[in-house]
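In order, the protein sequences belong to chains A and B. Residues in the first sequence are numbered from 1 upward in steps of one, following our numbering. Residues in the second sequence are numbered from 1001 upward in steps of one, following our numbering.
The set of hints was computed from the structure by calculation and includes no laboratory data. Mixed in with the good hints there might be a few duds.
Stated by the list, open to error - Using 30 Å as the maximum straight-line C-alpha spacing, the simulated DSS-like pairs for lysine-lysine come out as follows:
id, chain 1, residue 1, chain 2, residue 2
1, A, 107, B, 1112
2, B, 1089, A, 447
3, B, 1135, B, 1079
4, B, 1135, A, 390
5, B, 1079, B, 1141
6, A, 230, A, 390
7, A, 390, B, 1089
8, A, 147, A, 230
9, A, 230, A, 107
10, A, 530, A, 230
11, B, 1141, B, 1112
12, A, 243, A, 344
13, A, 147, B, 1173
14, A, 147, A, 185
15, B, 1173, A, 447
16, B, 1173, B, 1141
17, B, 1089, B, 1079
18, B, 1079, A, 290
19, A, 185, B, 1089
20, A, 530, A, 243
21, A, 107, B, 1089
22, B, 1112, A, 447
23, B, 1112, B, 1079
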Amino acid sequence: MISKIERLMHLKPKLFMKGTAMNYRYHRFRGFKIRLVLYLCTMFLTIFILASTGATQEQHKYAVALFHCNVQYVAGGTLGMLPLPFLLGWFPNWELDSDATEDMIIKQGFEPMLDLYLAHPNWGVDIEFQAYYVEVLAQRHPTVLNKLITLVEQGQAEIISFHYSDQLFIGFGRPAWEKSVEETKRVFEENDVPLSDVVFTQEGQAGMGMAQAMEEHGYAHLVWPKNLWKYQHGDWESAAYYKFGNLDMIPGPKDINYNSGQLQLTWTFLDDGELMAACHVDPYFPPFFKTSESCIREYESEVEQLEADGWKISTIGEYFHAAKDMGITPTEPPPLFDGTWQPKDTDGVHRWLGGKGIIPFNADDERDNHVRTLNEIAYRELMAAQTIAKAAGLQADDELDDLWHLLNLGMVTDASGINPIGGEIGYSIAHSGEVARSARLIIEQGKEALGLSDAIIDTEAESVIAGTAPDEPPVADEAPINVNIDPGWRQASSTWYRVSDNPEIWRLDITVNAGIYRSMAVTFPGDSSKVIFTPALADDMPVSYNRSDFAFDHWWLALANGMINISDDMFVIKDMGLTHVAALIYPDSEDVTFRDDVATPNSAFQWRFYLLRGTADDAVAFANSLNVYPTLYR
Amino acid sequence: MRRDAMKIKIQLIIAFLILILVFASCKGNENEEPNKHVNNQGDDDTQLSDDDTEAGTIERSFDVVFEYRNNGHISWVEKGDRITATSVKFGDAYGYGNDLVPPNVSMNGVGKILRFPESRFELHTLYFQGPAIPKGPCGSKQISYALTLTGQEGASERYGGIAAYCGGAIQGKPARLLRIYGIWK
């Protein structure tokens, strides 16, 4: 008997009707079994596909937002910003002091963003800022701080912080950042704010050297700025995530579609955090920097729509965990140079180390080299103060911490960045000057305690001995290489000194006379297809990249310890106490150029470089002894 | 799209400001206070003057811009690394910084030139004290100041700061760091 079901399935029964009745029954039975198995398989497969598709839509589509907030958006406030004082009659609330500017940023831009997420308890979000932000909230806006903590406690928010101040950490030796991250952790702990293991930074600073530093401090995941990647290698389809040393990273805000939708990531926001609520007006314009309910609603609607479409509004950490839980392994990234998040719009880190700002009428104020060399001078003096305080047994820990705190603030990026106003430049200089002054006092106290009139303070060996500075090195018989010095309309003179025979080291001093022309450049001729330098936060780990592996037409490097090669065995080291501008490299030229487009006007100024013939390790050792772990004679 | 809208808004604001500037420059600056903005580097009033009165002794007397809108005047005598006979006085334009630095009060102290030979850099430092400013962050406490002016050796531009500390000690975290700027020949 052929069942009703079999009849329905029995498309061509005559094909099986041959041979004996037994055969007939056997074949009919066997045909039924095959069809039944096929039917059940199809049914289960269909159910599985439907189920897994449903699960993907519900669980593997992640929409994330990273609000990069900055209470030092206008470091020191907007005092003196209006070009002419009488304009204050028209805009009496334009010029605000530091506290008032910070308060405005928090009330108009930050708190409304928190309120939005509090109104959506099932939404996740990442909020990044300097630890100083937490201190300002605790001191003057405790209710806002409570809202922030509530978001974390509800499992909604990850709070990202990698530096105490929004500082240019890729431009200085690792010890400066170590002090910054120490203070960051202390501030978060003291205020009961959980610190996320995700990292994003001020101006999207990133470099491959961060990986080990992050790991040593308990960070696990980096958001590498999409444009910092794209500018080096062109556009690309992103993997689910990438290796970053022993850690992981994703490019942001880069949409990810892994394995035809098995895992998807999209970004609802990655920008200056306070701008969402203020409709993308920034705090340099206080009369116009106001909370906009319509812009908040617009953003809210976009996110609601994604949620309705099956996207999980999550944190970045959730995405990383999902990718790992799915068994996806990270992809090896291409070689990546240090930089900032918008290398095309800002022309890279040069904007912070010698480049002009974007708005022309502010450019007169800019003093990048003064700002950053003074940062370095203060840093060196503080390192020496720390060394001698320890050697002399001074009870100066609190005072030293206070000075590191001031130096972190003084290294703020906005003092030389996209469009610094005079007040921001002064903010950095005032802080760094005070650090240098106070550190010198500690050094004098240390010398007195040790009974020394002249001290040699070796910050690397952490030793202090009696002695004076060595004599100036002799003038070199001849220049080791021909350097192109271009001071524009000003006059420059240069002298080569012979510093050492083993390894061979020369010093190049350049003096530019007073004048109004503000561009100055020095080009060192190169002949290597490789670029050798040490990435930020990895001062003792030189890397070598092939120029041909990159797609950019030029690239600026901050050089945290000052070192870069011009040939396979010749290295240039900038003395960051006199010259701290970015180095320019090309894919199709081996030359290295250091350029300042906002060079000090009116006064004469001096630059200094060293040239070392030897190995990369020789160059690293010398560069670090100059710029990271200096020996000072006091 | 949002970024584009933001850019357009900012461009409009910048254009508006430029229009204001053009208008202001046509009309003249009759309402401008006699203060020196940081841009006025070439203005004679902000030039520092120094006088060699005796061998190795330099007298300096110069105007400074204080908190970018206010003004001030500083004088001292320096010999070697020592700075003596200092006199520091700031104005009250717009009240900028006057919650920590009293306006129109002459304050005196001593100072020292700190040298950083490896960087060919120098720091002129002055120390002085001022009266309590009840409405300011230090309240009833007297205020101690550490003034610094920074520059490469021989530079005429001098950027710096005044660290204002509540009480008699000049250490720890200052109440605030105020900004000054001057230029000397």
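Which earlier hints turn out false for this structure, listed by number in ascending order?
Those not satisfied are hints 1, 2, 3, 4, 5, 6, 7, 8, 9, 18, 19 and 21.
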